[in-house]
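Novice: Let the hints inform the model, and build the full structure from the sequences given.
In order, the protein sequence lines correspond to chains A and B.
Note that the first sequence covers residues 1 to 535 in the working numbering.
Note that the second sequence covers residues 1001 to 1225 in the working numbering.
Don't read these hints as lab results, they were simulated from the structure.
Treat the numbers as computed from the prediction; the structure is a model and nothing was measured.
Hints may contain errors.
[Claimed, not checked] With a straight-line cut-off of 20 Å between C-alpha atoms, the simulated DMTMM-like cross-links for lysine to aspartate or glutamate are:
1) B/Lys1007 x A/Glu491
2) A/Lys376 x B/Glu1062
3) B/Lys1057 x A/Glu453
[Unchecked claim] Chain B stretches covered by chain A per the calculated footprint, using a threshold of three residues with CB under 8 Å from any CB of chain A:
4) 1022–1033
5) 1038–1048
C-beta atoms are modelled at their ideal positions from N, C-alpha and C, and glycine is treated no differently.
Here is what each chain is made of, one letter per residue.
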Amino acid sequence: MTPPQALETSTPAGTRQVIPPCEMACPAGIRVRDYVALIAQGRFQEAISLIRKRMPLASACGRICYHPCEQECNRGLVEEPIGIMHLKRFASDFEFFHNPPPPPPPLKTKKQRVAIIGAGPCGLTAAQDLAGEGYPVALFEALAFAGGTLRLAIARYRLPQALVDWDIEMVLSQDIELKTNTALGRDLSLPELQQEGYGAILLATGADRSRKLSRPEAGIFAEGDMAFGHMWTVEAVAAGHRAARTLSEHLAGGPPAPAGPLREARRPAEELDSRVVRGQIRIRPRSTMPLWQKSGEALGVAEIEVGYSEEMAIAEARRCLCCGSAEIDPETCISCLTCLRVCPYEVPVIDGQGLVRIREDRCQACGICVGECPVKAIAYTMPGLEDLVPQMEAALRERDPQAPAVIALYCSYGALDPSSATEFHRSLPPSVMPVPVPCLAKIDVAHLVKAFELGADGVVVAACTGEDCQFDRGSLWAQQRVNIARRVLGEMGLGEERLRMQSLSAQGFAQFGSDLAKTIESMGELGPSPIKARS
Amino acid sequence: MIKAQHKPLDKIVEMIADYRKVLILGCETCVAVCFAGGRKEVELMASMLRLTNGSGKEFLEESVKRQCELEFIDEFKELIEGADAVVSIACGVGMNVMAERFPDTPVLPGNNTVFMGASPELGKFDERCVACGDCVIHLTGGLCPIARCAKHLFNGPCGGSEGGRCEISQDVPCIWQMIYDRLSRLGQLDSLEEIQGVRDWCTNDASGPRQFIREDLQVESPVSP
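Specialist: As structure tokens, this is what we get:
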């Protein structure tokens, strides 16, 4: 399967071969599933940062894209596809309103300079990619402003200009030099640029009129509309990525190592139907985009579409089926069959060669196998798990050294709706540090013991109950692991009571709070972890 | 496969008392399958030791493909020799191979090797073979009366077989009952007619450590045709 773009195959959890259909369909190769997961977990800024890596014009693309990702979304076979474009817009609006400082510009590690003619979607993307690789990049634009067609051809009530400004500002913050009012053929020529020492030149001027291209010279490349005719914004961005890759190959001398074969996590309709029938996937219609009403106001200029609220965005993102997010590294796997035996959905199978394979067309992404694999051969390639230990570390760093430090691991997917998550955080005593986990089936015994190693005095595992659990048996496995970890704590002389399991239910939220307070109080009576006295 | 279990933590703590830099070394084959030796167990044991016995000590973590193979353990020669002691969570075979290969490094058992067996379901492990060296299960319906009979009987059950259960525990099925039932189903009950004589246990452990040589594989240099 060859996707239309080079996809990022390395993840914090390992190299992946399985790609969800949304990402496979995106011409720009945005990590769609993963940013949707970050939104589902309330990690909005991380979501937009991930989007910007492949889609520098995120605010624009969140409004005007033809979203081929949604056409291919597996959820579309259940009831309706995930509102991916709306979610992207939500993430970019979040960034716009919070106005965070841009990420630090990449170091200029390369000497060869690159000139890009045309600061439209294609040129901006190529500039961002090449700057990211360490090349000094100059961007020349004939008009008085960057943005190209996004400025010229789209109605403002569809795409407010302030947002295009913001997208461009984010690109230019990566230490990219922009020269406006500088037209090729009028203010500069290709030989001049070559004389000035630009090692590669990209023509991405767009195609506002028909013109002839002469035979390309070494070091001069053309992409986007001017090379291939009119294209959608997302395709122009894809062209920018392509151009950056070509230029970088030209400058570095030789193509990069090819990625391994990829598999698409496309799920058959009848398989999804059977999950619905068995209650393993619940029907949850798509959040409707609220439309502009008289009293509504958005971004100074009224847009027709107002955008999702945080609650709506999280609810929508949680509809994601997380396709293809668990895969086995065949080199680490010892074919012990544990995954095959623990999976509630009968997803792993023994292939013809005696190897175990997680069928990407069936995986429900519950992560139970990830927690049980004895050799850590199963990578959970979505965000949420690889940073669990750092999250606990960070939480414990901020604690008050006088008070008992209690970590509350809670499900960031299930029972807690977004508004009660905020309430949940507020209701916690100051000594309690909440750490969200995308379903507690994914934590293993080593994680729980690690919390104590990092300095926790107690750990509460707050798992969803029954209906609230996204997955079959997720909480049951969490309970099993808590039981083992309690035994281990006992063996270590720390006391089993320092680790508790508590059910978290949306209905009984108040009850949960008071139960938790009691648990923590009784943990306080246990005194500080004896580990601290020992070390 | 070989089945093993962790030793109690306090035993390990006692063993490592005199060592500062301790390597926890896992094995990714049999013992990983029974959740006693894989890299996750290495991580957990290291965490547990740091928590109970961490002060002044350094714990290193590594896991090799098979600890019973010199080539695999040699890959980690520097790491192993750099440690004051190695807590091996392989089986006894791996531990021995380690000790012979690294004469200056103490090798301490983090596991008890318990038997050769199967895992009929997740989390359950049953002994099935004792490597006696002279297999007789063609006479017993494929079921081993040595590994699975407390008395290693060869000619039918003892008087303690009751209702298909062994007298040592109601949880243990009488293997001779199972052998009878299976032979009966296969129409091979006549194989029980023949009395099995006294067995020569030299093929088992009665004549010391066992070894066998495959001369066909012992070619020192390529043979010219």
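Novice: I'd like to know which numbered hints this structure contradicts. Please list them from smallest to largest.
Specialist: Those not satisfied: there are none.
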